[in-house]
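Novice: Residue strings, one per chain:
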Amino acid sequence: MKRRTFLQLTGMTAAGAALSGCQSGNEKLIPYLVPPDEGVTPGKAEYYASSCRSCPAGCGILVRVSEGRAKKIEGNPTHPVNKGKLCAMGQAVLQELYHPDRVPQPLKRSGPRGSGAFTRITWEEALELLAGQLRTLQREKATDRLALVTPQLSGTLAELTTLFMHAFGSSHHLSFDLLGPDWLRTATRRSFGQPGLPWYDVAETRYLLSFGADFVEHHLSPVQYGYAFGRMRQGRDTVRGHFTYVGGRMSLTGASADRWMPARPGSEGILALGLARLILAESLFDAGSLAANGLRAEELLHSLAAYDLSRVAGETGLAERTIAEVAREFATTRPALAMAGETVAFQTNGPDAVRAVQLLNLLMGNLNRPGGVYPDGGSRVGPENSFAELLSLVAAMRGDRIRVAMIHGDPVHAIPPATGFQESLARVPFVVSFSTLMDDAALQADLILPDHAALESWGEVVPLAGTQHRVIGLMQPVVTPLFDTRQFPEVLMAVAGKLGGRTAAAFPQQSYLEMLKGAMEKQVGHKGMDFEAVWVDLLRQGGLFETRHDQEKDYRRAPGSPLPIPAEPRFAGDEKRFPLHLLVYPSTAFYDGRGAPHPWLQQLPDPMTTVVWGSWVEINPRTAAELGIGSGDLVEVTSSQGALRFPAVIYPGIRPDMVAIPLGQGHRGGGRYAKERGANPLALLALITDGTEHQPAWHATRVRVSRISEKGELVTAGHPQGSYRSELIEI
Amino acid sequence: MSEHPGSSAKSALQLNDELLSSLRPPSLRWYGLAFFLGAVVAWGLYAFTYMVTTDMSCTGLDRPVMWGIYIVNFVFWVGLSHSGTMVSSILRLSQANWRRPILRAAEAMTVFTITVAGLFPLIHLGRNWVFFYLIPYPNQRGLWPNFRSPLLWDATAITTYIIGSSLFLYLGMLPDLAVARDRSRGWRRKLYTILAMGWRGTAREWVIYHKASTLMAALIIPVAVSVHSIVAWDFAVTVVPGWHSTIFPPYFVIGAIHSGVAAVITLMIIIRRAFHLEEYLTPLHFDNMGKLLLVIALLWSYAYFVEVQTTWYAHEPIEWEVFSFMAGNYTPALLLMLFGNSVLPITALCFKRLRRSIGAMLVISLLVNVGMFIERFLIIVPSLSHKNMPFVWGTYRPTWVELSVTAGAFAGFALLYTLFAKCFPIVAVTDVRELDVREASVPFGRTKVPSVVGKE
Amino acid sequence: MFPLLRYEGGRGSYDIRTQFIGKIMEKQTSPYKWGMVIDLDRCTGCGACVVACQAENNVGICDKKEISEGRNMHWLRIERFWVGEYPDVRVRFLPVLCQHCHDAPCEPVCPVYASYHNPDGLNGQVYNRCIGTRYCGNNCPYAVRVFNFYNHEWPKPLDNQLSPDLTVRSRGVMEKCTFCVQRIRRAKEDAKGEGRLVRDGEVQPACAQTCPAEALVFGNLADPHSRVARLSRSPRRFRLLEHLGTHPSVYYLKGGGREHV
Ligand SMILES: Nc1nc2c(c(=O)[nH]1)N[C@H]1C(S)=C(S)[C@@H](COP(=O)(O)OP(=O)(O)OC[C@H]3O[C@@H](n4cnc5c(=O)[nH]c(N)nc54)[C@H](O)[C@@H]3O)O[C@H]1N2
Ligand SMILES: Nc1nc2c(c(=O)[nH]1)N[C@H]1C(S)=C(S)[C@@H](COP(=O)(O)OP(=O)(O)OC[C@H]3O[C@@H](n4cnc5c(=O)[nH]c(N)nc54)[C@H](O)[C@@H]3O)O[C@H]1N2
Ligand code: SF4
Ligand code: SF4
Ligand code: SF4
Ligand code: SF4
Ligand code: SF4
Ligand SMILES: [Mo]
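Residue numbers (my numbering), protein chains in the order written: chain F, 1 to 731; chain G, 732 to 1187; chain H, 1188 to 1448.
Just so you know, these hints were derived from the structure itself, not from any lab. Treat the hints with caution; some may be incorrect.
Pulled a few chain H residues facing chain F out of the computed Cβ check, cut under 8 Å [said to hold, decoys possible]: (1) D1228; (2) S1255; (3) D1290.
Subject to a maximum C-alpha distance of 30 Å in a straight line, what follows is the list of computed DSBU-like cross-link-like pairs (lysine-lysine) [as the list claims (entries may be wrong)]: (4) K675(F) <-> K108(F); (5) K1441(H) <-> K711(F); (6) K517(F) <-> K553(F); (7) K1441(H) <-> K71(F); (8) K522(F) <-> K553(F); (9) K553(F) <-> K83(F); (10) K1343(H) <-> K71(F); (11) K1252(H) <-> K711(F); (12) K675(F) <-> K1251(H); (13) K83(F) <-> K1441(H); (14) K1441(H) <-> K675(F); (15) K1343(H) <-> K1252(H).
DEER-style ranges, computed between Cβ atoms [what the hints assert, rightly or not]: (16) D1387(H) <-> D530(F): 51 to 59 Å; (17) K1252(H) <-> A943(G): 35 to 43 Å; (18) K1252(H) <-> A504(F): 52 to 60 Å; (19) N1060(G) <-> E1340(H): 30 to 38 Å; (20) D1387(H) <-> W1051(G): 40 to 48 Å; (21) T977(G) <-> E1340(H): 44 to 52 Å; (22) F1425(H) <-> F483(F): 47 to 55 Å; (23) Q721(F) <-> Y901(G): 51 to 59 Å; (24) P1306(H) <-> W875(G): 17 to 25 Å; (25) P1218(H) <-> P104(F): 45 to 53 Å; (26) K1252(H) <-> F863(G): 27 to 35 Å; (27) N1060(G) <-> D1387(H): 45 to 53 Å; (28) W875(G) <-> G1388(H): 33 to 41 Å; (29) E1381(H) <-> P869(G): 39 to 47 Å.
In this text the structure is predicted, and so the values were computed from the model without any measurement. Glycine included, each C-beta is placed from N, C-alpha and C at the ideal position.
Make a model of the complete structure from these sequences and hints.
Specialist: Pasting the structure below:
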């Protein structure tokens, strides 16, 4: 970045400091020796407002910078999504910037793929190399043989990439996130006729019923929901919101629940319908809401007759009494709120199960009500079947119909091999990676064009399902780039320029920054007035936070949308050979694995198991005893896809017929802290979908577990026996 | 006293010869021993240097167990140091004549053990190189050590004890140094001349000498008691479950005397062999020491019982947790300790035959100190392992560094001792002769008859 | 300025001894008694505070080996307890940091005053002065004091992130949560500059600042109207190992609806 722009930025930060709410930026050289009477007058630190893009929630951040170095990241108090709060991953963004193993400049493969042997080249050479490849495609009229793989992008970055691929003439743009909310958009569209993601008013609800929605760890917008959860519990003088969690594994979210219902995997939808039936039968439902949504209670009750208590209890493995209690609690407490999450969605009957949960909200009139659920104001549209696109791209690569693949992010680690992505990618002659670290994708690449770290980048982030209103968070560089790297969009534009013709013409702007500003100008839409001033203000406060409640299309039952009838769940691997259900869940610190390179997160004990620096498999004490497995033993988990070894964690909060493994470890690359640490459980997952609409069922794999040795090299922060002795400290 | 060797037969010259035999030029075996000990000390020093130059991660310490073998050593060696001064001054004051041949050995032992003990608190520091912050010296920072901290009490008490016991040793040695001076030549003569401070053995000198040594004997006892009480307070004044116990000071003092007396017995046996003093250290002496040990073993057992019984009766959850953890996790050690400190001495020492059997006494006295070392360990480590916060319970296993330093300490002590025995009369010549003279004149030596040596 | 029994919340746990301390405290001139309230009903155990603390306070990066040896350097830990058996099993989270005891067992045992009490009620730690006896670590009932068994390093360019506000502790010294004293001092200096007292909520430690659920509330217990003082009077309040009489400055609020209230 040019020195001028940089200085200009420093100018923009005063307000940031004021916003920070916690501290006016004082700075000093000599360490504080604590005697508080020495008054040393310190210097000044600047605060830059920016956004966190470590996960789709897109929280607002303030970066404390002194002597040109980023020192600490705080939440942006004025940001509507996270209100000054941050999660562990957000705190660790600094370590992406200052990671000791960053790719310092463009690299060209010099050894066999995956060997990690590269030679340093200049940007000029690098861009020429890529442009050369693309020109060949153009010459051979084979532009469709270019593929671009990115995470699910938003805002100008989404536009820019689409524009590039379109202008170049390729349809193979895959924007895929393992944990992308496609499932939720689809379900919402089918239930309410629109793909707008739900925004749950958790803070104001009095009864929260979560079907495997782990909003504390990762679901949609963790910080925002963590904040709301605190308020739901103790934010109101007289009311304490009640929380019931449904799911075979007690997740971190489940751990905060007042009641845990370990329903059999795949039976959650049936449970939801069972509750609905009871509510109808005891006519505890909200008549107004039913009427407004064109439903008739008797008809509903009739069509749900099959879901009587005894059957539901049988299929879920829960006590009839409990189910009845929860049904009544949920129906008689207003406002109440039901959420559906990934553990439910990624079953073969997931889509219907999710809609069954949504039906509960409709039934109790929780739609578009305080303490209920609204359509989110930010991300109204987004990918809805990226999984299908993934499969078709894999097919194309298999059929050698892809010659050049440009990869942003690390799909090589974060896509289950059962999809065939990795082995088909190996067939692509020329692979380009934009990774900042030598991650698994970069290791497979022929050319690495290192992107800036987030804190060196321009950009905007549209928070995912973060607010009821529209929010666009801005990212600005907070330090001068450490290395000879370039921002991904700039590179695309540069390549386009080299290609000339249509592709170049698609990008009239001088730089990505200009494009960004243009986009923001449209968004702000103050005609005539001087945008530069507005722009500076936007940067100061960290983005465009609209407070007015714009006319958002409310949730209404889509006319003629069929009643969700979850099918019998199917599982990969027969019950005899693979007796246990496998749950692969996003780890609290690593999300889908992108947190793993950061030592702070590796060192952070996993909240539920207190394990550090590794992966593990969670087993119910009873099951473990039957299999002769002790805490810390090395065990082998085998599925139809293959076998992996993990240390065992004895986990009282999981069904005996289930085991769970956190996602995020097992990188081949990813820098010294993540490299070859633990194993990647995605390798165990079988490719099984809900049949009808290509929704993956990642939680529908069965496994068997066997003990290998006592050398699991499990390290936990908590003492194995002491962790059961809370009575000694009387908490 | 009838059993005392009819030394009246011997001339004073012979006596001196025998008693000063240790001062004869070293034999090859002596050199061998000294070299071996030196090697072990060197290894210990290497281990220590390694720790200081790298970092403390080479120890087995962690959170919550922040004190380990080093502090165990500290307490153990302080215990041993109660051998000499206590024993010898008690015996001095009680005028037990059979004490005479072992006085010196015991007193020397005190000086060396307390010196070794004093090293451990410094060895275990995370930043040994700034140990002097512990010292109250004037500095322009206006910094001063914290006298509310038992560690400062330790520093004070131990310094006092080192000085006191050294004086005690030196004072008792004065006349012998004179004898040695008169019988040696070369550098030894120069050395003894300086140390003997012109002692001529006039009646007046003897009178003063006896006054002084009796006084020292009386003074050193409270010091000795206070030293180990203070060491006990290092633990008793904390809020660590298993440490916070009012009985610790007396309990520690008793323990100290227990290991002290046992150590003296061991020492007697070794010296007896090494310098062929069979005539002077007879079964009678071992019989007496045996009785003393028996009494102390009983006291110790009582104290231990009281300590455990209180914990058990109160059943305060965390304290009981600590105790059950100790009993469960260190059962063999615990049993060995009880056997060595209590069961064995109490049973065996009831029998005169065993008390008078050198072999038996050697085994018993050694086992007592093995037991005492374990006891220190079982007081310090298990309590820290299962402190108040169950979530951060831990364990401790000493590493090669800590064990090497420990070995170095034992070797260092032995080395100092052998050197001392070579350079100074290890048996109190004059004391023995004095008794001898008096016995020559008074066969049933109960009535007090003034003699050249004057009153005791 | 305020007698201790005021910020004892006027309920329950003050005894003769507390009042006596109250007298002593009154003698002190500081208008601040920094304290924290931790609402266990809000805390979700997410661990954001732990990383925030590490980032703010130059806490060393500990590898797997170091932690397996029980030498994790975190100043703040989230204790996780399992209660009961499947299916009636519960998890309890307990964030534990230095409790800044008014009668801190770690202070009198330190032979060099490296662990000391300041007039604002903070338990201070002077790294330069510490000689590493680890006595304080043994005597801290809450086991929050961590010792630098290793010499921690920050491979370049990770070291760029180190905060210039505090030292990087060398091997052989004890360290622990300071209530982010560097932030407190900054706020006090600003306030002094404007000739006023530090406002409620003006200074927040890194952990409280980032806590999504707002489970951590920091402030001046000596000001009976501060948020922290008000919360510290809640009927759900309790203090860790209260029976030891350490009089911590950290109050916990029991999990509201859970059966253990
Ligand atoms: N808490 C705490 N307080 C301390 C200490 C500690 O260790 N801890 N250390 C004490 C010690 S030892 C010292 S020396 C003092 C140091 O404290 P100060 O004497 O205040 O030293 P600085 O603050 O480093 O520098 C003073 C000012 O000089 C300015 N300056 C730099 N170069 C020049 C120049 O060429 N000309 C002029 N006119 N100004 C210049 C700097 O920008 C700064 O504003 O702090 C003391 N105070
Ligand atoms: N980044 C940066 N570096 C600086 C400066 C700066 O402003 N910024 N200032 C420079 C200046 S002006 C100075 S004066 C130096 C100060 O340099 P130092 O003197 O190293 O400063 P400190 O480490 O604060 O001083 C405390 C030292 O004294 C020791 N100490 C503590 N208590 C005692 C005690 O009782 N006795 C003894 N003997 N030692 C004790 C501790 O081991 C510690 O190393 O730093 C210089 N270096
Ligand atoms: S929730 Fe996502 S966006 Fe928000 S701070 Fe955490 S990682 Fe960043
Ligand atoms: S950040 Fe808040 S909610 Fe998360 S663990 Fe810490 S205290 Fe609990
Ligand atoms: S919690 Fe521990 S370290 Fe903190 S003040 Fe109390 S005793 Fe000292
Ligand atoms: S370790 Fe440091 S702070 Fe703790 S007692 Fe020893 S010198 Fe004091
Ligand atoms: S108060 Fe500051 S130092 Fe203490 S735990 Fe919180 S962040 Fe860490
Ligand atoms: Mo200075």
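Novice: Checking against the hints above, which ones are violated?
Specialist: 3, 5, 7, 14, 16 and 17
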